[in-house]
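Given chain L, work out where chains P and A should sit, using these hints.
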Amino acid sequence: MASIFSTENELLRTYLLCVSVLALKVLFMAPLTAIQRIKNMAFINSEDTGPMKLKPKIHEDVERVRRAHLNDLENIIVFFVVSFGYILTNPSLAFATLLFRIFVAARFVYTLVYAIYIIPQPARFFTCAVGYFTTVYMAVQTIIHFM
Amino acid sequence: MASIFSTENELLRTYLLCVSVLALKVLFMAPLTAIQRIKNMAFINSEDTGPMKLKPKIHEDVERVRRAHLNDLENIIVFFVVSFGYILTNPSLAFATLLFRIFVAARFVYTLVYAIYIIPQPARFFTCAVGYFTTVYMAVQTIIHFM
Amino acid sequence: MASIFSTENELLRTYLLCVSVLALKVLFMAPLTAIQRIKNMAFINSEDTGPMKLKPKIHEDVERVRRAHLNDLENIIVFFVVSFGYILTNPSLAFATLLFRIFVAARFVYTLVYAIYIIPQPARFFTCAVGYFTTVYMAVQTIIHFM
Numbered sequence: 000m001a002s003i004f005s006t007e008n009e010l011l012r013t014y015l016l017c018v019s020v021l022a023l024k025v026l027f028m029a030p031l032t033a034i035q036r037i038k039n040m041a042f043i044n045s046e047d048t049g050p051m052k053l054k055p056k057i058h059e060d061v062e063r064v065r066r067a068h069l070n071d072l073e074n075i076i077v078f079f080v081v082s083f084g085y086i087l088t089n090p091s092l093a094f095a096t097l098l099f100r101i102f103v104a105a106r107f108v109y110t111l112v113y114a115i116y117i118i119p120q121p122a123r124f125f126t127c128a129v130g131y132f133t134t135v136y137m138a139v140q141t142i143i144h145f146m
Numbered sequence: 000m001a002s003i004f005s006t007e008n009e010l011l012r013t014y015l016l017c018v019s020v021l022a023l024k025v026l027f028m029a030p031l032t033a034i035q036r037i038k039n040m041a042f043i044n045s046e047d048t049g050p051m052k053l054k055p056k057i058h059e060d061v062e063r064v065r066r067a068h069l070n071d072l073e074n075i076i077v078f079f080v081v082s083f084g085y086i087l088t089n090p091s092l093a094f095a096t097l098l099f100r101i102f103v104a105a106r107f108v109y110t111l112v113y114a115i116y117i118i119p120q121p122a123r124f125f126t127c128a129v130g131y132f133t134t135v136y137m138a139v140q141t142i143i144h145f146m
Numbered sequence: 000m001a002s003i004f005s006t007e008n009e010l011l012r013t014y015l016l017c018v019s020v021l022a023l024k025v026l027f028m029a030p031l032t033a034i035q036r037i038k039n040m041a042f043i044n045s046e047d048t049g050p051m052k053l054k055p056k057i058h059e060d061v062e063r064v065r066r067a068h069l070n071d072l073e074n075i076i077v078f079f080v081v082s083f084g085y086i087l088t089n090p091s092l093a094f095a096t097l098l099f100r101i102f103v104a105a106r107f108v109y110t111l112v113y114a115i116y117i118i119p120q121p122a123r124f125f126t127c128a129v130g131y132f133t134t135v136y137m138a139v140q141t142i143i144h145f146m
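Chains as they are written, first to last, in numbering that gives the first Met the number 0: chain L, 0 to 146; chain P, 0 to 146; chain A, 0 to 146.
Only chain L is shown next, with the shape it has when bound in the complex (with noise of 0.2 Å):
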């Protein structure tokens, strides 16, 4: 069992690099959000407009990235820590990197279709679902392993 905690451990290694893809992944958004916020000219700071001392605004294509950037926050967050007790109930290192790349797949697709070329329903709640069940699943069978 103590094999688990190594770096030499595939799986390990395989959760480090998940991990590691979806953080720049979330950390992407505030880029994103500032983009969103230049090209419609909708900031929400009085100190970022400079001297042009623009009134804060909401603007629709700032405020979907800013829920995507949410979703990043409810969904890839819980998985960081669900897939790392999933990985200590000692599953099978394919199927495990199997749940892990789906996970990873379905959130750049999310991220895609709700904040970025918009496509219309149920692409969004689809994609939301599949990364939504891979870390249910996770955390289930986590609970029955070390109950």
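No lab work stands behind these hints, which were simulated from the structure alone.
This structure is a prediction, so every number in the text was calculated from the model and none was measured.
Honestly, I wouldn't trust all of these hints.
[To be verified] DSSO-like, lysine-lysine: derived pairs with alpha carbons at most 27 Å apart:
id : chain 1 : residue 1 : chain 2 : residue 2
1  : A       : Lys38     : L       : Lys38
2  : P       : Lys54     : A       : Lys54
3  : P       : Lys38     : P       : Lys56
4  : P       : Lys56     : A       : Lys54
5  : L       : Lys56     : A       : Lys56
6  : L       : Lys38     : P       : Lys56
7  : L       : Lys54     : P       : Lys54
8  : L       : Lys56     : P       : Lys54
9  : A       : Lys54     : A       : Lys38
10 : P       : Lys38     : P       : Lys24
11 : L       : Lys24     : A       : Lys24
12 : A       : Lys38     : L       : Lys56
13 : L       : Lys24     : P       : Lys24
14 : A       : Lys24     : A       : Lys38
15 : L       : Lys56     : P       : Lys56
16 : P       : Lys38     : A       : Lys54
17 : P       : Lys56     : A       : Lys24
18 : P       : Lys54     : A       : Lys56
19 : L       : Lys56     : A       : Lys54
20 : L       : Lys38     : L       : Lys24
21 : P       : Lys38     : P       : Lys54
22 : L       : Lys56     : L       : Lys38
23 : A       : Lys56     : A       : Lys38
24 : L       : Lys38     : L       : Lys54
25 : A       : Lys56     : L       : Lys54
26 : P       : Lys24     : A       : Lys24
27 : P       : Lys38     : L       : Lys54
28 : P       : Lys24     : L       : Lys38
29 : A       : Lys56     : P       : Lys38
30 : A       : Lys24     : L       : Lys54
[Said to hold, decoys possible] Which stretches of chain L does chain A cover? Using the computed rule of at least three CB atoms under 8 Å from a CB of chain A, they are:
id : region
31 : 14-22
32 : 25-33
33 : 36-48
34 : 56-62
35 : 69-81
[Stated by the list, open to error] Over 10 Å on every C-beta distance to chain A, these chain P residues come out as not near it, computed from the model:
id : residue
36 : Thr6
37 : Glu7
38 : Met40
39 : Ser45
40 : His58
Glycine included, C-beta positions come from ideal geometry on N, C-alpha and C.
Below, chains P and A without anything else, positioned relative to chain L:
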């Protein structure tokens, strides 16, 4: 000390169990929001209303669940990391398990009194404070231990 | 390699220390929000105003603290996980400690210039960027190492 990083470690098992239960609890806020959105026909994305073409609408019952969700992120996710540090300070199994259970219970009651069956203050304040100070205590203990 | 997972590991101790300090910093945003709500009598939940029965009110000083809190979630919580992966890449203790200290300092200054004593841009932009690129650097190093 190496025994801390082992799934034989009873405290790590308790930690993984609590974390997974709390993760499911956070994830559950998403369908709760969806239920309130449908119940009140208060959708925020234009593509969500389908052929009905409803205007985006803000409804207090939806916002309440969303605030409870955000409060979970602010508190539960910090707990995930703080309690991980705390178990590495080698606390007594009984006391740490008690703290974890208090936190989990407080967060469930918090959501109940805030977003499901609204109970007058200070019910919400008190349950939030219980979880809050449990986390503060563990963070302070971790700092003292590793300083 | 196994020595990474040991509380004898100096870098792990530094990590746990930084993480606990940052956790307390994030938690501190809640009373800061409460202070602004009381100062400006700007409550959002009808049950919070007691017998005064104030109407829910949005106040810019409250929203500013709340945005700083959300920015903490977006950046600090991602750091929690990314820096955990980074310490497993076996970096030099001195350099990793320096990165952690820069990040912690940047986040404290960020909150100061955004929500406590407002300083004109680019103060906020710069402090946010320092923490941001520290995290991006560590995530990229982790990906390269475990790929």
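Now for the hints, and whether the structure bears them out:
no.: 1; hint: Lys38(A) <-> Lys38(L); result: violated (35 Å)
no.: 2; hint: Lys54(P) <-> Lys54(A); result: holds (25 Å)
no.: 3; hint: Lys38(P) <-> Lys56(P); result: holds (12 Å)
no.: 4; hint: Lys56(P) <-> Lys54(A); result: holds (19 Å)
no.: 5; hint: Lys56(L) <-> Lys56(A); result: holds (18 Å)
no.: 6; hint: Lys38(L) <-> Lys56(P); result: holds (25 Å)
no.: 7; hint: Lys54(L) <-> Lys54(P); result: holds (25 Å)
no.: 8; hint: Lys56(L) <-> Lys54(P); result: holds (19 Å)
no.: 9; hint: Lys54(A) <-> Lys38(A); result: holds (15 Å)
no.: 10; hint: Lys38(P) <-> Lys24(P); result: holds (21 Å)
no.: 11; hint: Lys24(L) <-> Lys24(A); result: holds (24 Å)
no.: 12; hint: Lys38(A) <-> Lys56(L); result: holds (25 Å)
no.: 13; hint: Lys24(L) <-> Lys24(P); result: holds (24 Å)
no.: 14; hint: Lys24(A) <-> Lys38(A); result: holds (21 Å)
no.: 15; hint: Lys56(L) <-> Lys56(P); result: holds (18 Å)
no.: 16; hint: Lys38(P) <-> Lys54(A); result: holds (24 Å)
no.: 17; hint: Lys56(P) <-> Lys24(A); result: violated (34 Å)
no.: 18; hint: Lys54(P) <-> Lys56(A); result: holds (23 Å)
no.: 19; hint: Lys56(L) <-> Lys54(A); result: holds (23 Å)
no.: 20; hint: Lys38(L) <-> Lys24(L); result: holds (21 Å)
no.: 21; hint: Lys38(P) <-> Lys54(P); result: holds (15 Å)
no.: 22; hint: Lys56(L) <-> Lys38(L); result: holds (12 Å)
no.: 23; hint: Lys56(A) <-> Lys38(A); result: holds (12 Å)
no.: 24; hint: Lys38(L) <-> Lys54(L); result: holds (15 Å)
no.: 25; hint: Lys56(A) <-> Lys54(L); result: holds (19 Å)
no.: 26; hint: Lys24(P) <-> Lys24(A); result: holds (24 Å)
no.: 27; hint: Lys38(P) <-> Lys54(L); result: violated (35 Å)
no.: 28; hint: Lys24(P) <-> Lys38(L); result: violated (38 Å)
no.: 29; hint: Lys56(A) <-> Lys38(P); result: holds (25 Å)
no.: 30; hint: Lys24(A) <-> Lys54(L); result: violated (31 Å)
no.: 31; hint: 14-22; result: holds (count 6)
no.: 32; hint: 25-33; result: holds (count 4)
no.: 33; hint: 36-48; result: holds (count 4)
no.: 34; hint: 56-62; result: violated (count 0)
no.: 35; hint: 69-81; result: holds (count 4)
no.: 36; hint: Thr6; result: holds (12 Å)
no.: 37; hint: Glu7; result: holds (14 Å)
no.: 38; hint: Met40; result: holds (21 Å)
no.: 39; hint: Ser45; result: holds (23 Å)
no.: 40; hint: His58; result: holds (13 Å)
Violated hints, listed in ascending order, are 1, 17, 27, 28, 30, 34; each of the other numbered hints is respected by the structure.
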